[in-house]
Amino acid sequence: MSTSKTLPVSGMSCAACAVNVEKALKSSKGIVSANVNFANHTAQVEYDDSATLDDLRKSVQDVGYDLIIPEDSDKGAEEVYDTVRQLQEDHYKELKTKTIGSLIFSVPVFALSMLIPKQSWSNMAMMILTIPVLFWFGRSFFVNAWKQAQHLYANMDTLVAVSTGVAFVFSAVNTLMPEWLESRGMEPHVYFEAAAVIVSFILIGKLLESRATSQTSDAIKGLMDLQPDEVVVVEGEAEIIVAVKNVMVGDLLRVKPGGRIAVDGYVEAGESYVDESMLTGEPVPVAKFEGERVVAGTINQKGTLTYRASEVGSETVLARIVQRVREAQGSKAPVQRLVDKIAGIFVPVVLGLAIITFAVWAFSGAEDAVIRGMLAAITVLVIACPCALGLATPTAIMAGVGAGARHGILIRDAESLEKGHRVTDVVLDKTGTITHGHPSVKEVLKVHSNIHWSTLEAIEQLSEHPLASAIVGWLRNEHQPDTDKPDLHGFESVTGAGAIAKVDDFVYRVGKPSWLIQEGVEWTDEAEAWTVVQGEYGRSVVAFSKDQTLEALFSISDTIKEEAFEAVRQLNNKGITVHLLTGDHMATATAVAREVGIDHVKAEVTPDEKYEYVEALQHSGKHVAMVGDGVNDAQALALADVSIAMGGGTEIAMDTARITLMRDNLSGVPDALRLSRATVNTIRQNLFWAFIYNLIGIPIAAGVLYPAYGFMLNPMIAGAAMGLSSVSVVTNSLRLRTVFKSK
Numbered sequence: 001m002s003t004s005k006t007l008p009v010s011g012m013s014c015a016a017c018a019v020n021v022e023k024a025l026k027s028s029k030g031i032v033s034a035n036v037n038f039a040n041h042t043a044q045v046e047y048d049d050s051a052t053l054d055d056l057r058k059s060v061q062d063v064g065y066d067l068i069i070p071e072d073s074d075k076g077a078e079e080v081y082d083t084v085r086q087l088q089e090d091h092y093k094e095l096k097t098k099t100i101g102s103l104i105f106s107v108p109v110f111a112l113s114m115l116i117p118k119q120s121w122s123n124m125a126m127m128i129l130t131i132p133v134l135f136w137f138g139r140s141f142f143v144n145a146w147k148q149a150q151h152l153y154a155n156m157d158t159l160v161a162v163s164t165g166v167a168f169v170f171s172a173v174n175t176l177m178p179e180w181l182e183s184r185g186m187e188p189h190v191y192f193e194a195a196a197v198i199v200s201f202i203l204i205g206k207l208l209e210s211r212a213t214s215q216t217s218d219a220i221k222g223l224m225d226l227q228p229d230e231v232v233v234v235e236g237e238a239e240i241i242v243a244v245k246n247v248m249v250g251d252l253l254r255v256k257p258g259g260r261i262a263v264d265g266y267v268e269a270g271e272s273y274v275d276e277s278m279l280t281g282e283p284v285p286v287a288k289f290e291g292e293r294v295v296a297g298t299i300n301q302k303g304t305l306t307y308r309a310s311e312v313g314s315e316t317v318l319a320r321i322v323q324r325v326r327e328a329q330g331s332k333a334p335v336q337r338l339v340d341k342i343a344g345i346f347v348p349v350v351l352g353l354a355i356i357t358f359a360v361w362a363f364s365g366a367e368d369a370v371i372r373g374m375l376a377a378i379t380v381l382v383i384a385c386p387c388a389l390g391l392a393t394p395t396a397i398m399a400g401v402g403a404g405a406r407h408g409i410l411i412r413d414a415e416s417l418e419k420g421h422r423v424t425d426v427v428l429d430k431t432g433t434i435t436h437g438h439p440s441v442k443e444v445l446k447v448h449s450n451i452h453w454s455t456l457e458a459i460e461q462l463s464e465h466p467l468a469s470a471i472v473g474w475l476r477n478e479h480q481p482d483t484d485k486p487d488l489h490g491f492e493s494v495t496g497a498g499a500i501a502k503v504d505d506f507v508y509r510v511g512k513p514s515w516l517i518q519e520g521v522e523w524t525d526e527a528e529a530w531t532v533v534q535g536e537y538g539r540s541v542v543a544f545s546k547d548q549t550l551e552a553l554f555s556i557s558d559t560i561k562e563e564a565f566e567a568v569r570q571l572n573n574k575g576i577t578v579h580l581l582t583g584d585h586m587a588t589a590t591a592v593a594r595e596v597g598i599d600h601v602k603a604e605v606t607p608d609e610k611y612e613y614v615e616a617l618q619h620s621g622k623h624v625a626m627v628g629d630g631v632n633d634a635q636a637l638a639l640a641d642v643s644i645a646m647g648g649g650t651e652i653a654m655d656t657a658r659i660t661l662m663r664d665n666l667s668g669v670p671d672a673l674r675l676s677r678a679t680v681n682t683i684r685q686n687l688f689w690a691f692i693y694n695l696i697g698i699p700i701a702a703g704v705l706y707p708a709y710g711f712m713l714n715p716m717i718a719g720a721a722m723g724l725s726s727v728s729v730v731t732n733s734l735r736l737r738t739v740f741k742s743k
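The numbering of the sequence shown is the UniProt record's numbering, which starts it at 1 and goes up by one.
If you are wondering where the hints come from, they were derived from the structure by calculation, not from laboratory data. Errors might be hidden in some of the hints.
[Claimed, not checked] Listed below are the simulated EDC-like cross-link pairs for lysine to aspartate or glutamate, each with C-alpha atoms no more than 16 Å apart in a straight line:
1. K502 x E457
2. K561 x D664
3. K245 x E230
4. K561 x E595
5. K26 x D55
6. K302 x D275
7. K147 x E22
8. K5 x D62
9. K502 x D547
10. K302 x E271
11. K502 x D525
12. K302 x E464
13. K446 x E478
14. K602 x E566
15. K446 x D525
16. K485 x E457
17. K23 x D55
18. K23 x D49
Assemble the whole structure, with the sequences as input and the hints as a guide.
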């Protein structure tokens, strides 16, 4: 028998940390599976009876991190994520303090080295200013490098620590004992500015990453907030308020108008409309009668409902959505992981080359061989400083994010930019994504010339039916009702059918055609044919009658966004397959898909089925982008390779998605994918230039040209070459600002 837990992890500062924690957990006795999520600072572990949480915690602590075990072993998911959010906030605040502090000291170091004429005290001042940058604000690089070394690993922290440490030690020796090199005819150069600026740049990149990841748990928290904390339990004639977590299956519950359904169940008494848009994404509330199913998190409208709990706790639909989002929103490798992997090989190679360089020179028999060997080894390490390598990814990401922001595409992490260029399939929600999400009157069939518009408006203003407001809006915009208000009496709202009222001695009905026919209203062939045609377009039809005479018919549907067709056309032209998923009826979905040019349609899907559809595409080898705007899209968004939320959608969708289209415009989808391709290409180019300098510079720094030409690369020139590589990387990244100038 195994146990599954989601536990917060503290001490992680980069994606490599999550890998180390995951390795430690997987090597623990009794572990079945482990998945560490750096974005959410959590570990999902499954272990058998031979392991305990204390054992797992010790394994994590042995590699320098900590697994936070709640005092209450049954601690709820909400409390766990409260802890996670606090960890993320604390980590971001700590990084912000370190970054600001390092910049305060690095700027004067750079000015003293590059801008101000050298003074007798300059080197000493730079050394004093560099000490807090490296060994206080940047101490995490050295600490993490030591942790990596203990387990025979190397990453970017190792590269930063070794290169800046060597540059600092060499510069400090030349500052405190300059005569040692001067007596041998060599100039004692210092490289404090390189060490300080490198640390500051890398801290800025980590701060930007932390800023994005610190918000990833907001989606989980938002979903949890959809369930009320308390609920009314009915016991006989009494109503008792209890905590939702204490509700048991079979309890009789009551929800009043405007309240949220607390758990899943079935209506036992009352009639009302329930807004299920968080579940289906559709804007029209659903009529609920005795025996109808209600779902946690949905909103009751105007009537009071009494329902019996059938699923509670982790068994509700809402809880399953939360769990799917939590699982799918796992630690996905950002672009920086590539650099960490490269650094894992690059660092040992550079260290080995530096040692070999020193050894070859020491035994070469040349004049001052040991000193020349030491200088050559240090030059190798200096020219290998990770300035360009460290800037290759963050500068491209910052430029790409900036370019997107200027065009209404808010990108929250590097992962989205890395994966967007590989997208083969785009899955679109319908309501709020392709359509506006607001029903409106599309066509009106006037059966009689003298229609009682004022009466219709008066009835619809009192009606609870979700489509009533669309008819009222049409009447006010397209037709001027009589100034005299009719004297309505005997008004009655028939849930799920329509409304009825009397004016003078006449009976007026507004509602479903089937209900009016059932009530004896005469139905013409023209009305039948018109209704059939509207149904083929996926539109809802509302009828209005006076006594047994039909007066008018209204077709109502959501409005397709103007840019939807062009956005789909651009995706199709790029060879990307577009899919439409919706909780709406098949006829409506097919009509919308046909109008915008989508061939793959699946209607009447639940949030679980959206998730499974995306999962099936991924299992078939597709790279999937999901575009949505509602709570019902959250788990599919979390699972997708690239998740895109519409700016006019729910906060939960935007928190779950890694890209938000602030213009609420579907044309942003092809733009975002194009920006992804441009950014990834720029990163690859940056890495190429970063390594070209090293491939050319390191051999020269080691002295390969000395035997033939007597040339030794001065450490100062090595520093300049390092700076030149950084300039080329930054300049190349800035070209991303022009990515939207032509399409």
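Hint-by-hint comparison with the structure:
With a C-alpha separation of about 13 Å, the suggested pairing of K502 with E457 holds against the 16 Å cut-off. Distance hint between K561 and D664 is fulfilled; the C-alpha atoms sit about 10 Å from each other, no more than 16 Å. About 8 Å separates the Cα atoms of K245 and E230, which keeps this hinted pair within 16 Å; it holds. The straight-line distance between the Cα atoms of K561 and E595 is roughly 11 Å, inside the 16 Å bound, and the hint therefore holds.
Using a Cα cut-off of 16 Å, the hinted pair K26 and D55 holds, with the two alpha carbons roughly 12 Å apart. For the given pair, K302 sits about 11 Å from D275 by alpha-carbon distance, which is consistent with the 16 Å threshold. Between K147 and E22, the direct Cα distance comes to roughly 15 Å. Compliance with the 16 Å bound is thereby established for this hinted pair. The straight-line distance between the Cα atoms of K5 and D62 is roughly 20 Å, outside the 16 Å bound, and the hint therefore fails.
With a C-alpha separation of about 9 Å, the suggested pair K502 and D547 falls inside the 16 Å cut-off, and the hint holds. Distance hint between K302 and E271 is fulfilled; the C-alpha atoms sit about 9 Å from each other, no more than 16 Å. Restraint check: the Cα-Cα separation between K502 and D525 comes to about 27 Å, which exceeds 16 Å; the hinted pair is violated. About 7 Å separates the Cα atoms of K302 and E464, which keeps this hinted pair within 16 Å; it holds.
Between K446 and E478 the alpha-carbon distance is near 13 Å, which keeps this suggested pair within the 16 Å criterion. For the hint pairing K602 with E566, the CA-to-CA distance comes to about 21 Å; that exceeds 16 Å, so the pair is violated. The suggested pairing of K446 with D525 holds, with an alpha-carbon distance near 14 Å, which does not exceed 16 Å. Pair hint K485 plus E457 holds up; C-alpha atoms about 9 Å apart against a cutoff of 16 Å.
Our distance criterion of 16 Å between C-alpha atoms is met by K23 and D55, whose separation comes to about 14 Å. The hinted pair formed by K23 and D49 fails the criterion: a straight-line CA distance of about 20 Å is larger than 16 Å.
In this structure, the hints that do not hold are numbers 8, 11, 14, 18, in rising order.
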